[in-house]
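With these hints in hand, go ahead and build the complete structure from the sequences.
Residue numbers (the numbering used here), protein chains in the order written: chain W, 1 to 260; chain A, 1 to 411.
None of these hints come from the bench; they were simulated from the model.
Just to be clear, a hint being listed does not mean it is correct.
What the hints assert, rightly or not - Where chain W lies over chain A, by a calculated footprint (3+ residues, C-beta under 8 angstroms): (1) 242 to 252; (2) 262 to 276.
Claimed, not checked - Distance condition first, Cα-Cα at most 30 angstroms in a straight line; then the derived DSBU-like pairs of lysine-lysine: (3) W:Lys2 to A:Lys274; (4) A:Lys395 to A:Lys104; (5) W:Lys9 to W:Lys252; (6) A:Lys217 to W:Lys9; (7) W:Lys2 to W:Lys160; (8) A:Lys144 to A:Lys19; (9) A:Lys101 to A:Lys19; (10) A:Lys274 to W:Lys9; (11) A:Lys410 to A:Lys19; (12) W:Lys68 to W:Lys160; (13) W:Lys252 to A:Lys274; (14) W:Lys173 to W:Lys2; (15) A:Lys410 to A:Lys150; (16) W:Lys6 to A:Lys395; (17) W:Lys6 to W:Lys173; (18) A:Lys104 to W:Lys6; (19) A:Lys217 to A:Lys274.
To be verified - Stretches of chain W that chain A covers, calculated by requiring three or more beta carbons in the stretch to come under 8 angstroms of a beta carbon on chain A: (20) 61 to 75; (21) 133 to 144.
Each residue gets a CB set at the ideal place from its N, CA and C atoms; glycine is no exception.
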Amino acid sequence: MKFTLKILKDFPAYLWSGWGAIASILLFIALWDMGNQIYGNLVLPSPLETFQTLIAMLGDESVIAEIKTTLYRASIGFGISLVVGTTFGLLAGFFATASMMSRPIVTILVGMPPIAWIVLAMIWFGMGDETVIFTVIVASFPIIFVGSLQGTRTLDGDLKEMARSFKLPWHMKFFDVYFPHIFSYVFPAWVSGLGMAWKIVVMAELLATSDGIGASLAVARSQLDTPTALALVVIMISSLMFVEYIILEPIKREVELWRS
Amino acid sequence: MEQEKLRATNHYLYYPDEKDIPAYLAYGFRPVFLLLAPYMIITMILWGLVWAGIINLPFMNDTLTWHVYEMIFGILTAGSLAFLTTGIPELFPGMVPFVGKRLKYIIMLWVAGRVSFWLIDYLGVYIVAALNLAMLLWLIWYAKDAVLDKLQRHASLGYALVGIFVIQTWFFASQAGLASTDGMTILKAALGAIVVLILLALRRVNMEAVNELMEDKGIDDIYLSRPPKTNLAVFAVILFTLVELLYPQNSALGWLGLATGAAILAITGDYILKDEFILNQPFVLYLASILVMLSAGYALMGWALLDDKMDSINHFRHFITSGGVGLAYLVVMIIIGWIHTGRHLTSNIYTHLMIILMIVATLMRSLIPFFEEYMSELYLWSSIVWTIPFMIYIKVFYSFLLSPRADGIKG
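Here it is in structure tokens:
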């Protein structure tokens with residue numbers, strides 16, 4: 001409770017510190033505008049046109065439905081990875097044998113190109129939700145698994161010793177000794193896993209489904225409708241940035257305060 | 001008493017031996033502020049009358065360009081004179097403060113520059129150019145120690161001044177027919193250079209003033225004005241200025257304007273300290289208002305460019321000139337007026353009024369595009385309201401400027 005209040009109290013200051021980031025994004029948009037002037041509207045529509053398209057799209061109910069479909073797939077896939085990856089990762093970290101054994105398997109999972117997974121999933125599940133969700137899971141699971149594994153693997157033995165010799169009650173042992181350490185590994189892994197899920201969902205949809213943002217992107221491509229394609233990209237990027245910087249980053253900052 | 005002597009006294013040990021220095025020449029800022037406040041009042045009312053169409057000044061048949069020239073360079077040289085002669089001996093202990101007779105001659109050079117400016121129709125552009133460029137050249141020469149300093153701590157100020165000198169020379173060349181660029185275009189570039197100078201100077205003023213204030217009030221925290229934030233803002237301003245110089249109507253300039261606005265606003269993030277809350281301190285708000293005004297100017301210009309409202313751009317630019325730059329001068333005049341006359345940094349109803357009135361005047365002037373039916377009234381009244389802070393300044397600070405330091409030390 002105290003923790004949540006602290007996050008809320010620091011939130012306005014955190015939000016205000018974002019002006020520098022907004023400035024650099026706007027500088028990047030200026031560069032994009034230059035690209036538009038050099039290469040023309042077909043290759044790279046102007047940022048203004050893209051944003052106007054975006055606003056028009058957000059007023060369109062069918063587009064909102066596509067966004068919801070994509071969000072649903074991404075969150076189911078990411079949610080499963082999060083629960084399964086974290087649980088197994090944390091457990092594996094406690095046992096040296098399990099960590100040793102799981103490492104090469106994770107390397108295989110990470111090393112396998114997501115596009116190959118999509119092909120396999122299309123064969124296994126056909127064209128639909130399952131294919132996309134499966135691809136999201138296999139792409140984000142290893143990242144979360146490895147992060148969680150590192151979290152328990154690197155627990156400081158001396159601290160464990162100390163907690164034992166002071167006879168700390170189990171809840172103090174967990175919340176004050178283990179949790180901050182583990183969380184500082186797990187949380188960044190969740191953030192990268194989420195980023196991965198967000199990217200993979202669009203790619204899987206583009207290849208394997210007829211609805212969702214990815215499918216809309218495929219339609220925009222076939223019609224050479226670059227403003228719509230870019231507007232879709234903007235939707236994906238801004239929703240990811242919203243989740244990452246407005247929701248997750250403030251939590252991460254509070255959690256990692258102990259490091260400094 | 002010991003505590004009193006700590007503030008702004010680095011120059012003390014090296015104060016020159018000159019006999020009988022009158023109080024108004026005892027330190028660089030004194031004569032400048034004594035002259036600048038009435039000069040602002042008189043000339044701004046004159047300009048207001050000109051823009052409202054009540055009086056007519058010829059100025060080589062280009063009143064607008066010369067109005068901008070004077071508001072930019074005429075005032076800048078005075079402001080820099082006060083800032084540098086007051087600041088450098090404090091920043092570089094060991095440097096002999098610039099006071100007395102020598103100060104008087106330089107002040108006379110500035111006054112000559114102003115007189116020549118108002119008589120330009122009789123004297124011709126070359127005399128005005130010579131006097132005004134000489135003034136700026138002297139300032140650069142005076143700031144040379146800062147530029148040549150081994151650690152380069154404050155060198156950027158010197159480089160900015162050199163840039164402004166080049167731009168001013170270019171301007172006079174164009175007015176004398178030696179360069180083909182339109183005068184107003186050059187003045188816009190000059191404004192960009194001045195905003196850079198102000199951002200650089202403000203970082204130093206912020207550090208000194210805010211920490212001083214916190215020490216005074218017993219607020220136990222430290223304020224750091226972080227160079228990367230200022231540098232990002234400076235970079236954005238330079239980029240905006242260059243692109244505006246080369247492609248004034250380009251849509252990328254619109255995004256650059258928005259970016260510059262955000263980058264300048266980012267500097268205010270430094271006022272949010274780790275432990276203590278200082279945004280309720282009036283001087284912090286005064287200083288922040290400078291940044292907010294500059295930021296609003298660039299952001300609104302950017303918006304106008306993107307929204308194809310070209311006519312509004314120069315109105316919005318007054319957020320930068322009347323607002324940001326004007327407040328920068330005013331706030332520095334107030335801060336130096338207290339601290340360097342041996343007093344505590346104090347805020348009262350007068351200082352509040354000065355800042356608020358200047359912001360009100362800026363809003364009246366800059367938001368004309370939204371109230372076009374009152375255009376000529378707003379031109380006139382915004383100028384008048386803008387001068388009131390300087391009238392209050394005369395009332396509050398003239399006695400300080402004309403008498404020795406309250407803590408009894410020299411300077």
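Results of checking the hints against the structure:
no. : hint                 : verdict
1   : 242 to 252           : holds (count 3)
2   : 262 to 276           : holds (count 7)
3   : W:Lys2 to A:Lys274   : 18 angstroms, holds
4   : A:Lys395 to A:Lys104 : 23 angstroms, holds
5   : W:Lys9 to W:Lys252   : 15 angstroms, holds
6   : A:Lys217 to W:Lys9   : 24 angstroms, holds
7   : W:Lys2 to W:Lys160   : 26 angstroms, holds
8   : A:Lys144 to A:Lys19  : 27 angstroms, holds
9   : A:Lys101 to A:Lys19  : 10 angstroms, holds
10  : A:Lys274 to W:Lys9   : 12 angstroms, holds
11  : A:Lys410 to A:Lys19  : 12 angstroms, holds
12  : W:Lys68 to W:Lys160  : 45 angstroms, violated
13  : W:Lys252 to A:Lys274 : 17 angstroms, holds
14  : W:Lys173 to W:Lys2   : 19 angstroms, holds
15  : A:Lys410 to A:Lys150 : 29 angstroms, holds
16  : W:Lys6 to A:Lys395   : 47 angstroms, violated
17  : W:Lys6 to W:Lys173   : 22 angstroms, holds
18  : A:Lys104 to W:Lys6   : 57 angstroms, violated
19  : A:Lys217 to A:Lys274 : 17 angstroms, holds
20  : 61 to 75             : violated (count 0)
21  : 133 to 144           : violated (count 0)
In this structure, the earlier hints numbered 12, 16, 18, 20 and 21 are contradicted, and the remaining ones agree with it.
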